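K.L.:
Residues in the sequence shown are numbered consecutively from 0, following numbering that gives the first Met the number 0.
No lab work stands behind these hints: they were computed from the structure.
Bear in mind that the values here come from a model prediction, so they are computed numbers and not experimental data.
Hints should not be assumed to be uniformly reliable.
Unchecked claim - Simulated restraints on C-beta separations: (1) Ala226 - Ala289: 20 to 26 Å; (2) Trp155 - Gly340: 31 to 37 Å; (3) Arg220 - Arg254: 24 to 30 Å; (4) Ile322 - Ala376: 21 to 27 Å.
Cβ atoms here follow ideal geometry from the backbone N, Cα and C, with glycine treated the same way.
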Amino acid sequence: MSASAPLVTLDIATLFVVATCVTMLLGVLLLFVWRQDRVQALAWCGAAYVVGGLSVVAWSIEESIAPPLPTGIAKALLFLACGMVWTSARLLHGRQIAWAGMIFGAVAWLSAGMFPGFDHWTTGRIILGSMIVAAYAFLTTAEFRRERRKSLLSRWPALLVPVLHGTVFLAPIPLVGLLPAEGGVGGLASGWIALFVIETMLYVVGIAFIVLVLAKEETTRIHKDAASTDELTGLLNRRGLLASAQGLADRRASRQEPVSVLMFDLDHFKSINDRFGHSVGDDVLRQFAAVATAQFRASDLIGRFGGEEFAAVLPGTLAEAAIAADRVRLAFRAAAGTVGGCDVAATVSVGVASGAAGTDIASLLIKSDAALYRAKAMGRNRLEIAREEIPTIFTTSPAQRQDGLVEGIV
């Protein structure tokens with residue numbers, strides 16, 4: 000290159016064009032990915048980028064078109080786009096859309112524009128615009144911070160990018176009051192706009208990447224949950240229960256605390272299917288799942304092992320597990336007398352086993368299954384305890400024995 004060759008310059012207008020194109024292309028990309036994965040956050044983030052790009056276009060031409068756009072509408076769209084990005088972060092973490100919060104920035108800007116002289120008050124416009132953008136950036140950070148289960152690879156950029164964006168937009172506020180009214184604020188505005196455009200391009204690229212990564216993690220989690228969930232009852236399936244149970248047992252072992260296993264089998268289930276049809280049989284299975292879920296604690300695991308057989312893994316002693324098991328048995332008998340308009344009178348038999356800290360879940364399943372078969376052999380609609388685990392502190396009343404509770408607990 001010769002010494003006389005002119006230097007390439009990049010003015011603010013060119014930066015605006017590049018930023019607008021990048022933003023809208025990313026918006027289209029996010030909307031395309033949303034059509035494939037159907038993660039709602041992707042749709043909102045993509046739509047936000049499209050709205051943001053259109054707001055810049057409207058800002059550039061609002062004075063040259065006839066009739067002119069309403070005062071402040073272009074920048075109000077930009078602030079609405081910021082609110083939509085915040086909304087996408089909320090949706091990523093399962094939170095509802097905050098409609099009032101999402102449109103607050105746009106409404107605040109339009110309301111301020113109704114005051115006489117605001118359109119010509121450069122200082123006030125810079126301060127209000129900076130505060131709106133920064134507020135949405137920090138709100139987005141707060142939403143990303145709520146989710147502590149994500150990997151550091153995706154979590155820390157998710158916190159850093161919006162924090163940096165908000166900080167950049169807050170920076171002009173303390174400087175505005177220190178500059179002379181004539182020329183000072185205008186010069187700051189010009190320099191700030193250039194910084195805003197460059198930093199915003201980095202921000203929109205960063206947020207798009209973060210939302211894509213987190214949406215991918217969410218899609219993976221949904222597929223993993225689907226693979227571990229019984230479609231009919233909504234409980235864990237055998238595979239999901241065993242995987243979760245081992246994790247629970249390991250955590251209890253580290254604290255030297257016992258764990259218990261319960262096996263349930265619906266009594267005469269084949270007869271229910273034969274007499275009332277498989278539709279009613281499915282309703283009975285769903286009824287048991289609902290009853291068991293209501294009776295167990297949030298820390299307990301319950302799953303469908305297959306057919307009419309269910310299993311539960313509870314942190315706690317054998318006595319505690321026996322009480323919980325019989326509570327489920329009695330509640331199911333009361334709830335399943337009539338199902339789907341049919342007098343099915345469904346009941347359940349239960350086998351319970353417990354082990355000290357570190358006991359293998361597989362061995363507890365074998366013991367509880369053996370106890371379950373004893374309960375079936377001894378008349379059904381009853382609870383049996385694994386014989387080698389019988390405690391000496393749990394007793395039953397004659398009325399409970401009449402009701403079918405195991406008599407061998409002394």
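K.L.:
Going through the earlier hints one by one, which of them does the structure break, listed in rising order?
P.N.:
2
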